[in-house]
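Chains A and B are the protein sequences, given in the same order.
Under the working numbering, think of the first position of the first sequence as 1, with each following residue one higher.
Under the working numbering, think of the first position of the second sequence as 1001, with each following residue one higher.
Any given hint could turn out to be false.
Pair ranges (Cβ atoms, derived) [stated by the list, open to error]:
id : chain 1 : residue 1 : chain 2 : residue 2 : range
1  : A       : G166      : B       : R1800     : 27 to 37 Å
2  : B       : E1597     : A       : D220      : 47 to 57 Å
3  : A       : N39       : B       : G1658     : 39 to 49 Å
Derived from the structure by calculation, the hints contain no laboratory data.
Heads up, the beta-carbon is just placed ideally off N, CA and C, and yes, glycines get one too.
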Amino acid sequence: MKNILKTMIIGGALLASACSDVLDVEPRQSLTPASAFDNVSGYNGLALSMYGRVRDFNYYGQTMMIAPEVLADNVLIIANTGRYIGEEVNEDRSHINLWDFSGVNSNRGAYAAINDANIIIDGIDEATGTDEALRAQVKGEAYFIRALYYFDLARVYGYEPGQEVGGWDKSVVLRTTPTLNFSSADLRARSTNVEVYQQIEADLIQAIGILPPAALGSADVYRASKAAAQALLARVYLYWGRNDRAEALASEAMTTAGLADDGTGLVTAENYVSAFNTFPNPESLFEVEIRQVDWSTVDGVNNSMSSLSSDATAGGQFILSASLDLIESYEEGDVRLAAWSPSTRAGFSGPVYSSNKWRGAKGQFLENIPILRASELYLIRAEARFKAGNEAGAIADLNALRSKRALPALGSVSGNALFEQILHERRVEFALEGHRFFDLKRNGLDIRKHRNLPVVPYSDYRILANLPLTSIQLNENLEQNPGY
Amino acid sequence: MRKVLLLGVMLLCANAIAFAQSRVITGTVVSTEDNQPVPGVTVLVKGTTIGTATDLDGNYSINVPAGSNVLSFSFIGLSTQEINIGNRTTIDVAMDPDVRSLSEFVITSYGDQSKREITGAISSVKGEVFQDLPMQSFDRAMQGRIAGVQVASSTGQPGGALTVRIRGVGSVNAGNDPLYIIDGVQVPAGNLAGNASQNALAGINPNDIESIEVLKDAAAGAIYGAQAANGVVLITTKRGTRGTTKVRLSVQEGVVKPLGLYEVMSSSQLAGLKRDAFINAGRNPGDAATVFGNPEDPNLINNSWVDATFGDDRLSVYDLSVSGGDEKTTFFLSGSYTDQGSQVIKSDYQRGTARLNLTHRPNQKLTINTSVSLAYQESNGAIDRGNFINSPFQAGFTARPNIPIYNEDGTFRDYPSDHLFGYNIVQGAEQELRLARTVQTVSNLQLNYQFTPWLSFTSFAGLDFSDIKDENNRPSTIAAFRGAGGNSTNVDRRNTNFNTNHNFNFNKKFNNVHTVSGIVGFEFKSEARELTSAQGQGFANPILRYLNNAATPLSVGSSFTEYKRLGIFGQAKYDYDDRYTADFTLRRDGHSRFGSEVRFGTFGAASVGWRLSSESFLEDVTWLDNLRVRASYGITGNSLIPDFASATLVGSTGQYLGSPALRVTQLGNDLLTWEEAETFNIGLDGTFFNGRIITTVDFWRKNSTALLFDTPLPVDSGFGEITRNAGEVRNQGIDFDLQTVNIIAGKFQWSTGFNITLLENELMSLFDGQDRIGNALIVGKPLSPYVLTPYAGVNPANGRPMYLDENNEYTYTIRDDDPRYLGSALPTSYGGLSNSFRYGALSLEVFFQYQYGNLAFNADIYNLGGTGSGPNNQFVNQLEYWKQPGDLVSHPMPYESGARPGGSNYVSQSTRQLSDGSYIRLKQVTLNFAVPPTLSQRIGIAQANVFVQGLNLATITKFNGIDPEANSVGTSSFATFPNSQQISAGINLNF
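Hey, can you work out the whole structure from these sequences and the hints?
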């Protein structure tokens, strides 16, 4: 009996002392924030993650490029696979979802990238490391990416300042500090559109101050650069209606990128289409690189821009065509029409057009996505100048671009005709690059749909996307957009 | 030790004394079961320490001193007999099997426990109930057999994983699987493989199982407190018995058939529907004809993709076991082979199992037990669940009937690229390799040392090890993979799951009425899961599929995760004269998954029982065999969350520009600790009329608190959720079980087993005062609620589908506030009914299983019930659609794409996809003929049976899909793999 008791006591004592150690288990393939982000190179890894998110199919990998074309009047759906059929007819709730896309619960939507940026901005100054250039670059990239995401969120979920319908000025929730624990994930209300635009402006000014330059069309455009930040800020000012600033920033970006007022620096007319099959695109100010390993086996055929919009690769889906409306709008001799090839599609008897911009030129549907192209600077400046009353300057910018698109200089055009011309140049220049819906929206224009579909008035609730119901139900401070 | 010596001296002394004035009694002991001699029976002279044991032939010889007149014969598994010697010198004894024999004992890694003493709620199924049923895993055997246990076969994949819920669903995000303990080895349930569902419990041959016990309340489960919140299932495999070697052989062959398939349209029906849909949507009807054909064309190809995808298949089960032993060693050795096809092409299952269970008693004190099992499983899996175009359960029904499957030369034809991503499903299912191969062992070693008759020590170590290899090859012959030159992915998984415990057991009776027993010990458990994967593409020839043939290596991956758990436990029981029992259990466990300061949790239970039938005032009630009331209360734990759920993690997430990317993959919570289940149980056990009626009823309530809850965060924080201890779920119900022998008339006997569970589930609270999480969880309602907008039928004026808005007005557009709570996916009642009829050598068992009160959502209606809005083939019933104003029909005007400017799409989520998920299923019918022994013994066979049986023979349900059982669980109701019907015939022979 004594022995037994002794054994039990010794055993119990051994057990008690061993407890805490035995249960220490380390996650071998993960780090803690403290160890991951104690130096600049850790933050650089996080910056790379932000870029990885940009190529997500729910963002610039597909949705942000295609949906704005379909929601407007540029794209015809030529096969009913269920995709974009709602967007084509502006069905209730068929819009762009940047709020909570992706099935990964812990890490979804545009705000995941914003949080990456917030972590970098908050902590990189204190991180160890001697590579100050990298520190500045990563920090500038965080400001740039945060601005890009907030800008996209703002234009999907809210009206542009000055273009509010019924005074509705709610934009999105602003967060500029990192969420690294439960208590910082408080329930916030939507900020106003002006507040969000001010944040974007501030971020881009920061980014412009510290980002390195990148030669147009060099591999450096795969990361954010000074010219990219200037170009994005020019676009933001244009959306905001601050035309003088838009003009100024467009000019600054052109200077940084080495673009001349006469269009020198843009690709020549014969290279407009082939530029999209060159990586990086020689006109890219900012382009996201994609490699085969970023995709699952079936992502190419299932989700790529190329599979959806082109018949270039056998087995592709080819469910999108240019609308007849778009094709007919091209001027005689415009090389940009070559961005489309007449094709056929079983089950669709009308003329259909396959995209030559998205041909999957890296093989197996693979290609990069240019997000900011140099030609936009001319169009931003032209529109800003027009809106500021400088019609001659506007025409000069349009002509600079037209000279690179095999088009003659414009004759005498002014007033609304000139404005229409500017919008037209944008429409054909950026066909299938995700601009059209936003160009109409920010100017308060109705969507005159292709295919005899009913007009979607600018005042219609469907111009703004709905916030996910689960977010509304969780957070009583969060207001749904009107009409949903 | 001193006592042992003393005992030896006493025995010697006793013998010495015996020489003087004794008589010698001899005899033979046989078993009434098989009339065979029993070696090793202890023969004692009552009231003395004089004893002996029977030899190999069952013979004994003993000196009985004068004054002693009673001999006691005892042997484990047989009922002890005391016999008056009288004047006899030869006493032959026939011993009966003990009523409290093996199945009445709950054998655990901690030691044995008599079921009669247990005051918790416990139910069991004996192995003979499911012997020779062609079910690959034992969890299937519990279905409908045990009150309080809901078993749903969520996939028809042979060998696939099941969903088992004991007394409702208590946890929202942590696991709800019970703790499975196979001969003491704690085995996690679920699916092992990637390419096919492979049940982690299918490594055990069900025919090896002696019994399954289910511990339902805290009192029964508290000794396993760390992980007993969802109930405990104890599996005891067969062990050998002393005596002649027994051989059992069983052979079974049969067919597997689809349970019922969707009826979809012929090509001309679909073409007609699509033409109308195009016209109604203002599209060119010629385009419909190009794709779907001209409905008037008499030569229109009409293919049945359903017939090409689904059909009958074979099943074979072979099983052999040998058992026996002598006084020191007993063994059970078995082997089995199963080969089962399924109702869909290229989905099958093969398994070989081997088992050796050994018990060795080198001396009176030491017992060594070991169970060694090895199983090899090989599955070809069809893609199961989810709206995937390469799933036969999706594309087999949705593929257009006007498209030929084959070219004229017999090769597979490419499917048009505008539908199903150009995937020919028959080709895909035939040619894509989705192979899963698993080697698994669930083995253990137990040492038991009996210090004194009342104190023993047990050391136990158990291992569940599995190695799983998943091979997926997508050959270039399939159009979708042609561009890449084919693609192969290999995944290797290795799971090592170890538990060990060391404990003292004591059991002592005082003054003949007070029995005190108990356990004190500690336990350690660890589980590690490793994974390595690699992918490559570009194969010179579609026959080549190994990665060294791949031109382009695509990706590699590996991962490792583990947890550890440590606990101490103690249990004390007191029994007074078999009338009053009380039982206390306490356990303290630490788990590596939780925050370092809050790792340890304390669990425990107390229970009392009163056996009224042992009281003197009921002694005269002859029809009452046993009557006992029980009450228990206890707290058990749950830790079924990912291994590092409490930590903030930074993980690598792919690459950019060739450099690795890092991101915060999870927000941690240092305060994360155990989820607890608090259980109350009041039970009644009764046996009446000499065992003709046996009943158990339990009233229970289980409050699950401090749930391990993935509480949502505002998505704008950058994270969707964080795991916290929050919320409370209450389950309460009644388990009722009744076994009756209805008729015994000559050779005819009819007996019935019936059980029902009535239960109620309610989410009592969430977190931070929230009253709902979206439409997924609502306080005051059961878990798994359905919150949908009612479909209001077709507007007879214009044929448009209508819904009811929040004010119950008709609307075309569903708004945020229109969906409402309609019911839950959790049943309010379930159970089973079995009837056995026996006439002489012939017996028939008819078994029904049912569940009631749940709604079921069928996502297949999105694809197949869109009245021609999409590119898919449609249910035949969709032909009754609106054609002209005034038509009162249930299906709207066909409208290409279903997307109308401004409105809601016809295929929006509404009650159109919802139906009553209740069902009654004729689960099993077995007709058995026992060949008369006089006949079989002529060819040397002790006993032979011939049987035919059917599984899933008929179902009564209002469910709008194929299989309400497979639908009733799981995250997606798209393209579920329905259960199949199985009809087989076989023989079993006992030598």
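Verification of the hints:
no.: 1; hint: A:G166 <-> B:R1800: 27 to 37 Å; verdict: 29 Å, holds
no.: 2; hint: B:E1597 <-> A:D220: 47 to 57 Å; verdict: 48 Å, holds
no.: 3; hint: A:N39 <-> B:G1658: 39 to 49 Å; verdict: 20 Å, violated
The structure is inconsistent with hint 3 alone, although it conforms to all the rest.
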